[in-house]
Amino acid sequence: MLANVVTKTARDRWKGMAIGAGALALFLLFGMAVYRDIDLSVYTDLPEAIRAVMGIGEGADAASLAYGVVYGSYGAMTLAGLALSMGSASIAGEERDGTMGLLLGNPISRTHVLLSKAASMVLVTGFGALVLWSIGRIAPVLLDVEVAGMQVEALAFHMYINALFYGFAAMALGAWTGNRGLASGATAGVMVVSFFAAGLFPVVEGLENLAKAFPWYYFDGSQPVLNGISWGHLGVLLTGCALLAVAAAVGVNRRDLRGHTVGVTLVDRLRSNPLTQKVADRLAGSTRVSRISIKTASDHQGLFLATAAVMFLVMGVLIGPMYNFIDEALRDFSDTFPEALMAMVGGGDMGTPEGWYQVETFGMMAPIAMMVVTVVIGARALAGEEARRTMGLLLANPVSRATVVIEKTMAMVVLAVALGIATFAGVAIGSLLGGLGISTANIAAITFLVTLLGLVFGALALALSAGTGRVKVAIFGTVGVALACYVANGFLPLNDSLAGYAKWSPFYYYMSSEPLINGMHWGHAAVLAALFLALVALSVVLFQRRDLRQTG
Amino acid sequence: MTSEIAIHTEGLTKHYGDLEALVDLDLDVRSGEVFGFLGPNGAGKTTTIRTILDEIRPTAGRASIRGMDTHEQSVEIRRHIGYVPGDLAMYPNLTGRDTLTYFANLRGGVDWSYVDVLADRLGADLSKKVGDLSSGNRQKVALIQAFMNRPDVFIMDEPSSGLDPLVQREFQTMLREVVAEGRTVFLSSHTLSEVQRIADRVGIIRHGRLIALEAVSNLRSKAIRRVELDFESPVEATVFEAVAGVRDVMVENHRAVFSYDGKMASLLKTVSDTYDVTDIATQEADLEEIFLTYYRDEEEVPA
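Sequence lines, in order, name chains A and B.
Convert by adding 1105 to the 1-based position in the first sequence; the result is the number in the working numbering.
Convert by adding 5 to the 1-based position in the second sequence; the result is the number in the working numbering.
Don't read these hints as lab results, they were simulated from the structure.
We treat Cβ as the ideally placed atom computed from N, Cα and C, and that holds for glycine.
Some clues are possibly wrong.
[Claimed, not checked] Simulated pairs of lysine to any residue, SDA-like, Cα-Cα distance not exceeding 25 Å:
# : chain 1 : residue 1 : chain 2 : residue 2
1 : B       : Lys-133   : A       : Gly-1203
2 : B       : Lys-134   : A       : Val-1297
3 : B       : Lys-134   : A       : Leu-1375
4 : B       : Lys-268   : B       : Val-254
5 : A       : Lys-1383  : B       : Arg-206
6 : B       : Lys-133   : A       : Ala-1642
7 : B       : Lys-133   : A       : Lys-1577
8 : A       : Lys-1577  : B       : Asn-98
9 : B       : Lys-133   : A       : Arg-1493
[To be verified] Not close to chain A: a few residues of chain B, all C-beta gaps over 12 Å, as computed:
#  : residue
10 : Glu-15
11 : Asp-29
12 : Leu-58
13 : Ile-61
14 : Ser-79
15 : Glu-81
16 : Ile-86
17 : Val-89
18 : Ala-94
19 : Asp-130
20 : Asp-162
21 : Gln-173
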């Protein structure tokens, strides 16, 4: 029975892991190929602090840059993200799906189920780490890149244990609360904060030791790719894993299991309180369901609020004052900072306030946050209702399929714009608090462009959702295309003969004009807007032509 | 004449790859009748309904409701339709009332006093979240949703699943009421007894093909029964086989089991002439048995 739960969970999950690891492997090959062909001499002059933030070890060469950037940050986060998604689903996911009762109708204990799920998480994450390790070994051979002194196996092993730590954290939270969204959301939040803390604190004079309070420090604080496995650091993470596993076992055994029920939200409490009932009823009742777009937007409010909070508080307000704490060396070095290198993390000169925000907030985080919201809405908009079998009932009303697509698109636009406003406000306040004096108009320009960029990929997800009726196809397809576009835009310009191809990537129309410095580029905005509208129109056509799916 | 035909299909066909889910369906449902659409699981009932609602598009043929093409005029048609899906799912985080408000808004409003009357008759609790309701109580919300805009045509796929017998009865009364007002009910079901109670006519579908189309009174006279007889002494099969309407006789010592369609009196008379009957048990044959008995070799609608 143990083997059954383990293998079933592993079977449900290995595909996602294979896709994630495969994408990272491609990313590594691509990165290494580009680094191989460009002049790397400038890296040898980089100050230690910057290399630490960027995950670049001493003696920069093509291999260490690729390992550090691709595996050290993206790779470790992806692997940990996949593990924490499994961890959060292990108990809470089965409860949400209403299958836990059936599972426990068999003669197995709750602890047994938990351990099986844990075993499967350890197995599948291990499979992912193994893929990353083997590609890490093969890539330099294929590309004829020198890797003497690089310890890929140590890096992959650190990534593995690091991912398991977040997996067990999500599992423990899910086991205690039975709430999958809370488990994965809170753990992902901890992961992101800890990633930045572990990267930034060591650069801030006097606060270096604070980094040790964050788990991410024990992943790459010892620079495993150069120094090999640090058992001391891994010991910290493994102890954490064990403690969290025990906590999960205690949590799942002491609690009433949830049936196939719905959580009680704050609004529900307000609705049952006679004092607030009237207002809450209006908000949660009549307003929420007044039309398809508003209901769709309201369905995604949790996702939106979490993303907006991160963008506003962390990536907006916090990043501003932090600029002033950064080592002086950073600014002194700004003149010699290689432009090519910066293009990869979103471009910009870290020695200026604009460049600082461009690298920290707008390079990666803002597009990712925006896309998390737009792609999830786009993918679930049509295919999600089909998978949940509510589309038939919705379309039994006198609304055309085109109307449904357009209403769903409106929800996406509303939340994307709101997220843009939150980001804008955060950055504007951060700039004010830090006394950075960044032009408000330019902040508005860059957030406007990132909103459009998010909408382009949201509309791509919508089109895939409209065409196939499958949420997974829409999400994975869009993430794949977005990743390829991001990489293309970041790396192609490093090679003069390929630079022109970057224009095929939507990301080019977001950042290439450096809007935070130069202000709005209306031509680029028009390209993104046209792309968005074309994809929405395509979605309408695709959705009208297709048979609705009967089941997910 | 179209005004008297509520639902019309001609040559309606749906293939999924090699699978013929629906083959050449010709059907007329008249205004003011309850039309029962019977068939075993996977026969093509839901495929028919989903095609009529423009959820899926026919491979060949066409369908219309009150003279309007189900594809070309699907939005207009849906103003006049009340629909209960077979595989019911609703938004779990909305209360029953929120759900109804949502659909009411999409329809441009409904008469809320009528909703309250419906909720009262079915005993539905609209203040709870749909996700917290049992399947029967969820079904009630779906039924109210179908009734609330006073549609001309009801399309219902297994509508009474999960309802307790009392609510089922109330629901059937409600259906008879709307039909009395000249409205139309298209009712898919695999429960013969339910269809027998409320339908005027039935269509029977099997392997995607309509194999029978009859008035219920007619079907009832055909309805065969499973009969078990116990006797004082051992019996011989030949005695029962001689009776007209008896099939599939199995005899075991003092007991005989067979299918019978015909008058019970004539059966008992013949049998009791030969043996002393000690006990009788009969039960209505289930749908599958009727199919096996009557429609084994028939592919076409009887003339």
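These are the hints, each one checked on the structure:
About 19 Å separates the Cα atoms of B/Lys-133 and A/Gly-1203, which keeps this hinted pair within 25 Å; it holds. Only pairs whose Cα atoms come within 25 Å are accepted, and B/Lys-134 paired with A/Val-1297 is rejected, the gap being roughly 34 Å. About 15 Å separates the Cα atoms of B/Lys-134 and A/Leu-1375, which keeps this hinted pair within 25 Å; it holds. A hinted pair counts as satisfied when its Cα atoms are at most 25 Å apart, and B/Lys-268 with B/Val-254 qualifies at roughly 17 Å.
This hinted pair does not check out: A/Lys-1383 and B/Arg-206 have alpha carbons roughly 49 Å apart, beyond 25 Å. For the suggested pair B/Lys-133 and A/Ala-1642, the alpha carbons sit about 38 Å apart, so the restraint of at most 25 Å is broken. The hinted pair formed by B/Lys-133 and A/Lys-1577 fails the criterion: a straight-line CA distance of about 31 Å is larger than 25 Å. Only pairs whose Cα atoms come within 25 Å are accepted, and A/Lys-1577 paired with B/Asn-98 is accepted, the gap being roughly 23 Å.
For the hint linking B/Lys-133 to A/Arg-1493, the alpha-carbon distance of about 20 Å falls within 25 Å, and the restraint holds. Non-interface status of B/Glu-15 relative to chain A is upheld: no Cβ of that chain comes within 12 Å, the nearest being about 20 Å off. Listed as a non-interface residue, B/Asp-29 keeps its Cβ farther than 12 Å from every Cβ of chain A; the least gap is roughly 19 Å. The Cβ of B/Leu-58 does not lie farther than 12 Å from every Cβ of chain A; its closest approach is about 6 Å, which violates its non-interface assignment.
With a closest Cβ-Cβ approach of about 4 Å to chain A, B/Ile-61 is found to fall inside the 12 Å limit, against its non-interface label. Distance to chain A contradicts B/Ser-79 as a non-interface residue, since its nearest Cβ pair spans about 8 Å, not more than 12 Å. The non-interface label for B/Glu-81 is inconsistent with chain A: the shortest C-beta to C-beta separation is roughly 7 Å, within 12 Å. Remark: the non-interface label on B/Ile-86 conflicts with the geometry, its nearest Cβ contact in chain A lying 6 Å away (cut-off 12 Å).
Look at B/Val-89: its CB is around 9 Å from the nearest CB on chain A, not clear of 12 Å, so calling it non-interface is violated. Not every CB of chain A is more than 12 Å from the CB of B/Ala-94 (nearest about 4 Å), against its label as outside the interface. The Cβ of B/Asp-130 sits about 14 Å from the closest Cβ of chain A, beyond the 12 Å cut-off, so the non-interface label holds. Separation of B/Asp-162 from chain A is inadequate, the least Cβ-Cβ distance of about 9 Å not exceeding the 12 Å criterion.
Every Cβ of chain A is farther than 12 Å from the Cβ of B/Gln-173; the closest lies at roughly 21 Å, confirming the non-interface assignment.
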